[in-house]
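There are 2 protein chains.
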Amino acid sequence: MLNKILELASKNGLLKKTLLPKVKIDQFNIGPIGLLLQNNLKLEWFYNVIINKDITVFPSDNNMSDTFDYAKDFCSQKLPFGIAEMKAYKKSYNSDEIIEYYKKAIDTEKLCFEDLLRHEENMLMKCTIFITPNNSTSFFHQWQRQRRMWWRKFSASPGKYSLSDIRSEEDGTQFVEISAKYDWGSQSLETLVLDKQDRNYSSNQLQFKEKKFMQAHTITSQVNLSTILLNSICDAFDEAPFQDKKRLLFRFHRKLAPYKISFALSGSNQASLAELNDLAMYLCKQLRSNHISTLFIPNSSRLTLDSQYQQYDQLGIPYTVLLNGNTLKNGIISLRSRDTTLKEQIHVTELVPYVEKLYRNY
Amino acid sequence: MLNKILELASKNGLLKKTLLPKVKIDQFNIGPIGLLLQNNLKLEWFYNVIINKDITVFPSDNNMSDTFDYAKDFCSQKLPFGIAEMKAYKKSYNSDEIIEYYKKAIDTEKLCFEDLLRHEENMLMKCTIFITPNNSTSFFHQWQRQRRMWWRKFSASPGKYSLSDIRSEEDGTQFVEISAKYDWGSQSLETLVLDKQDRNYSSNQLQFKEKKFMQAHTITSQVNLSTILLNSICDAFDEAPFQDKKRLLFRFHRKLAPYKISFALSGSNQASLAELNDLAMYLCKQLRSNHISTLFIPNSSRLTLDSQYQQYDQLGIPYTVLLNGNTLKNGIISLRSRDTTLKEQIHVTELVPYVEKLYRNY
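Protein chains in written order, with my numbering: chain A, 1 to 362; chain B, 363 to 724.
Quick caveat, the hints were computed from the structure, so don't treat them as lab data. Careful: at least some of the hints might be erroneous.
Unchecked claim - Restricting the straight-line Cα-Cα distance to at most 25 Å, the calculated cross-link-like pairs of lysine-lysine (BS3-like) are:
hint, chain 1, residue 1, chain 2, residue 2
1, A, K196, A, K181
2, A, K17, A, K53
3, B, K452, A, K53
4, B, K440, A, K90
5, A, K78, B, K691
6, A, K357, B, K719
7, B, K558, B, K440
8, A, K90, B, K719
9, B, K452, B, K415
10, B, K366, A, K87
11, B, K617, B, K573
12, B, K366, B, K558
13, A, K78, B, K373
14, B, K415, B, K543
15, A, K78, B, K647
16, B, K573, B, K558
17, B, K515, A, K53
18, A, K42, B, K373
19, A, K17, B, K719
20, B, K440, B, K522
21, A, K42, A, K78
22, B, K522, A, K255
23, A, K53, A, K357
Stated by the list, open to error - Ranges of calculated distance between the beta carbons of each label pair, as one might list FRET restraints:
hint, chain 1, residue 1, chain 2, residue 2, range
24, B, H653, A, R167, 30 to 36 Å
25, A, F213, B, E369, 42 to 48 Å
26, B, H653, A, L124, 20 to 26 Å
27, A, D26, B, D600, 51 to 57 Å
Unchecked claim - Only some residues are given here: those of chain A computed to face chain B with a beta carbon under 8 Å:
hint, residue
28, L36
29, I51
30, S60
31, M64
32, N135
33, F139
34, F140
35, D165
36, R167
37, S168
38, P241
39, F242
40, R254
Just so we're clear, the structure is a prediction, and the values are computed from it rather than from any experiment. Cβ atoms here follow ideal geometry from the backbone N, Cα and C, with glycine treated the same way.
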């Protein structure tokens, strides 16, 4: 199952497959379409964690301690506040270890998303909230729910995401994991920690005054960008029965989809196809001017409509605009939904506002 | 002048000043607020270059050649298309060189934006467009105008951006620079190159068939993220006369501003201040739920209104919501503009849709 997903993702530019020469094992990088997906995922993480509705969170460079001091001062020594960091990092495996690892992972389908992609691409995304001891436990629970909701919000099957039980250490530190259940086993995604004496900061730094002096607790969420990316690829994969055959596709959430709109053309002769091609290009420019990521492949009309749809479904594009002979007569276009395969008809002048409306909400 | 800008930027978390111990020279990193600004700049670059209205551009990892092959295949061997890369890189100076460099730069105010920030933070942003020889020259000119327009769009004084004359090499390669004119001299920002035999790709790769076989030309735009960041800080700096004094502020474009909205409170007694504080917090949550980056500093009301405004102006926040005693009676709030210092009155229930409208367009 996982192999099938990785194959389809590589075929469609989400991943990039490289054969390790000696041992003939496939290794995966992020492909061009995958980078678009990753960019959307980063942005949604940013919206959820940094422009977080409850607490002011400051982004940080690698020096979290400096940022902490800045934030503490900025907030006039008042809790709560948070700091967040996105940090590229490398894991150093030697290549024999990598090969051994891949072999085992691919054979048993028991692997960790974090390790499947080549390691130079990895990015740690970490957010730490500083909070008074009185509020820390209730906020820890709220934060758990909020983060699980984030994973569910973008999922084609939200039920697969769950929180582990809380594991406590002797010093009072509590750990919770968010994981996703797949056919091939459970996949750990994110770690949440409530720490009553965070060693990354000095006890002097963590001292705050509110009526009396106390030491701030920290609540930390930690996740890898490549884990998020691979999870959204696996989550979106679907094999749906369709007209006696199987339809393979990626059901990306519309906020995450690398491309939001594509074009399918069907014309009876060369002249009308050329005209439809120009119309599609014009509509594509209009959509892109509104920052809607739009795919237009010139001359895609040489393929049948079904193969055009198939390609777009496998790229996970939520809606395809169908232009045909009638469009040139009456200006009516069809908007085909990837998920339902149904079409609705709208006038060509209404495309941009209609698409904006479709993509506004979650 | 530059020193004054760097001071103010460091004071407000856009930059972070570190004193090099032995020689007592200041060195600069990006501060927490600067990271928010940088994030917005990256996003706008992404919108302009990747979701570019004319040509399909694919993001790339470090292996541009792989991405090229993918893109060529994806576009059924048809020109034009493009690939774009964001790549972290380090410059290796030894520390004596750095110190020498900084000394000279700060003294003479003749420095290159790229080199002012610590080097580990630097990111190269590069976009290459592949195009037929017939169209390359006219597209090169169009691309120059388009990129200059991008710089001007976000500027408080667009006149300072200009294109250099075209410099041609013997093999036909053409270079153009976009630069900005400051008090302390001209600052080079972006390089545009039209290359007729791009050596980064094999002649086999660059061969396309369109009626007959030909070699694609490439048009490349190259810029550093730290250059963009420092330029937008310097561009936004302003010293405006105001009520017999001088008002120092950053006039960030509303799409770039690290925070879009802040709150100023003014109340006559403790009870009404506490109520206004709760209202501000509620409005802040509403705005953030709509992904509007909003700053709320609890208990900022201990400062006078003027000092609150001063802080927000120096953070470059375009609008501040003023809540006062009347707000509790009739629900009217004032929205103060950073640029004009004028206020307009709106009802509290209209804040979110009104702010969304303010920030929708460029």
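task = Would you check whether D165/A satisfies its interface hint, that is, whether its CB is within less than 8 Å of any CB in chain B?
result = violated (30 Å)
Take a look at whether the Cβ-Cβ distance between H653/B and R167/A falls inside 30 to 36 Å. At 34 Å between Cβs, range holds.
- Does K617/B pair with K573/B here, judged by a C-alpha cut-off of 25 Å? violated (44 Å)
Does K691/B lie within 25 Å of K78/A when you go C-alpha to C-alpha? violated (29 Å)
Range hint compliance [Cβ, F213/A to E369/B, 42 to 48 Å]
34 Å Cβ-Cβ, so the 42 to 48 Å window is violated.
Interface hint outcome for I51/A [beta carbon to chain B under 8 Å]
With a minimum Cβ separation of about 5 Å from chain B (threshold 8 Å), the hint on I51/A holds.
Next pair to validate is K558/B with K440/B; report whether the Cα-Cα distance is within 25 Å.
It holds: about 18 Å lies between the C-alpha atoms, which stays within 25 Å.
*Hinted pair K415/B and K543/B, Cα distance within 25 Å*: violated (29 Å)
task = Mind checking the alpha carbons of K440/B and K522/B for me, to see if they're no more than 25 Å apart?
result = violated (38 Å)
*Taken at face value, is the distance from the CA of K78/A to the CA of K42/A at most 25 Å?*
With a Cα-Cα distance of about 29 Å, the restraint between K42/A and K78/A is violated, given a limit of 25 Å.
**Prompt:** Given the proposed pairing of K452/B with K415/B, does the C-alpha separation stay at or below 25 Å?
**Reply:** Since the Cα atoms of K452/B and K415/B sit roughly 32 Å apart, the hinted pair is violated (cutoff 25 Å).
Next item on the list: Return the status of the interface hint for N135/A: holds when the least beta-carbon distance to chain B is below 8 Å, violated otherwise.
Entry: Violated. Min distance 14 Å.
In summary, the numbered hints that this structure violates are 1, 2, 3, 4, 5, 8, 9, 10, 11, 12, 14, 17, 18, 19, 20, 21, 22, 25, 31, 32, 33, 34, 35, 36, 37, 38, 39, 40.
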